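Chains A and B supply the protein sequences, listed in that same order. So in our numbering the end of the first sequence lands on 112, straight run, no missing numbers. So in our numbering the end of the second sequence lands on 1110, straight run, no missing numbers.
Since the hints were made in silico from the structure, they are not lab data. A hint or two may mislead.
To be verified - Taking CB as the label site, the calculated pair distances span:
hint	chain 1	residue 1	chain 2	residue 2	range
1	B	Asn1053	A	Gln104	25 to 35 angstroms
2	A	Thr55	B	Ser1067	39 to 49 angstroms
3	B	Ser1067	A	Ser109	34 to 44 angstroms
4	B	Gly1063	A	Met83	33 to 43 angstroms
5	A	Gln45	B	Pro1039	16 to 26 angstroms
Predicted model only: the values in this text are computed from it and were never measured. Idealized CB from N, CA, C, for every residue including glycine.
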Amino acid sequence: AQSVTQLGSHVSVSEGALVLLRCNYSSSVPPYLFWYVQYPNQGLQLLLKYTSAATLVKGINGFEAEFKKSETSFHLTKPSAHMSDAAEYFCAVSDLRGKLIFGQGTELSVKP
Amino acid sequence: DGGITQSPKYLFRKEGQNVTLSCEQNLNHDAMYWYRQDPGQGLRLIYYSQIVNDFQKGDIAEGYSVSREKKESFPLTVTSAQKNPTAFYLCASTLTNGAFFGQGTRLTVV
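From just these sequences and the hints, can you work out the full model?
As structure tokens, this is what we get:
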């Protein structure tokens, strides 16, 4: 069975600091991995996805994530946080038919 | 523009009442999903449908029902058997390379 664990339900960074949101997955088959962002009272927006091509994946808004098979990780990073990055972030894994399994989410706060 | 439309955005339900949440997509996706979101619990899968006239239970299907009579539509009914229905409900449609989400329906029991 596939599963996702996001380490840290809340992360707080200062504006301009590095953002690191952690995600570990469990999958018996080569996974498709995703990061989504959610602003209050809205749906989820796809930030980036890994589908077995390059291990370093670049997404929207300056975010990127690196797939590390040996560590079963897919951490999300951004070199410099902006106030507008404050939101909830979800890591997800899917099977070949597209069924998504989500982590618990990490709320990112950005301090001025 | 292609996308997923959920309606209504806000919905209030009285105790013992059934309500239906609408989800329509014009992305020509075969698969559609309903998730429930509660604070601190992430997204939990209620029902999903890979093809018209077929659907499967997710992790928390009790108290919910769905239909998939058309490719574009996947309505969710929250029945009176669902004891704690207050939550944010999200509909999604997918290809294997990612899901597209609607803007959600916030259901509150009054």
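Outcome of the hint check:
1. At roughly 34 angstroms, the beta carbons of Asn1053(B) and Gln104(A) sit within the given window of 25 to 35 angstroms.
2. At about 41 angstroms, the beta-carbon gap between Thr55(A) and Ser1067(B) stays in the expected band of 39 to 49 angstroms.
3. For the pair Ser1067(B) and Ser109(A), the beta carbons lie near 41 angstroms from each other, so the given range of 34 to 44 angstroms is met.
4. Checking the proposed 33 to 43 angstroms range against Gly1063(B) and Met83(A) shows it holds: the Cβ atoms sit about 40 angstroms from each other.
5. Hint check: Gln45(A) to Pro1039(B), Cβ distance near 19 angstroms, so the stated range 16 to 26 angstroms holds.
The structure meets every hint from the earlier list without exception.
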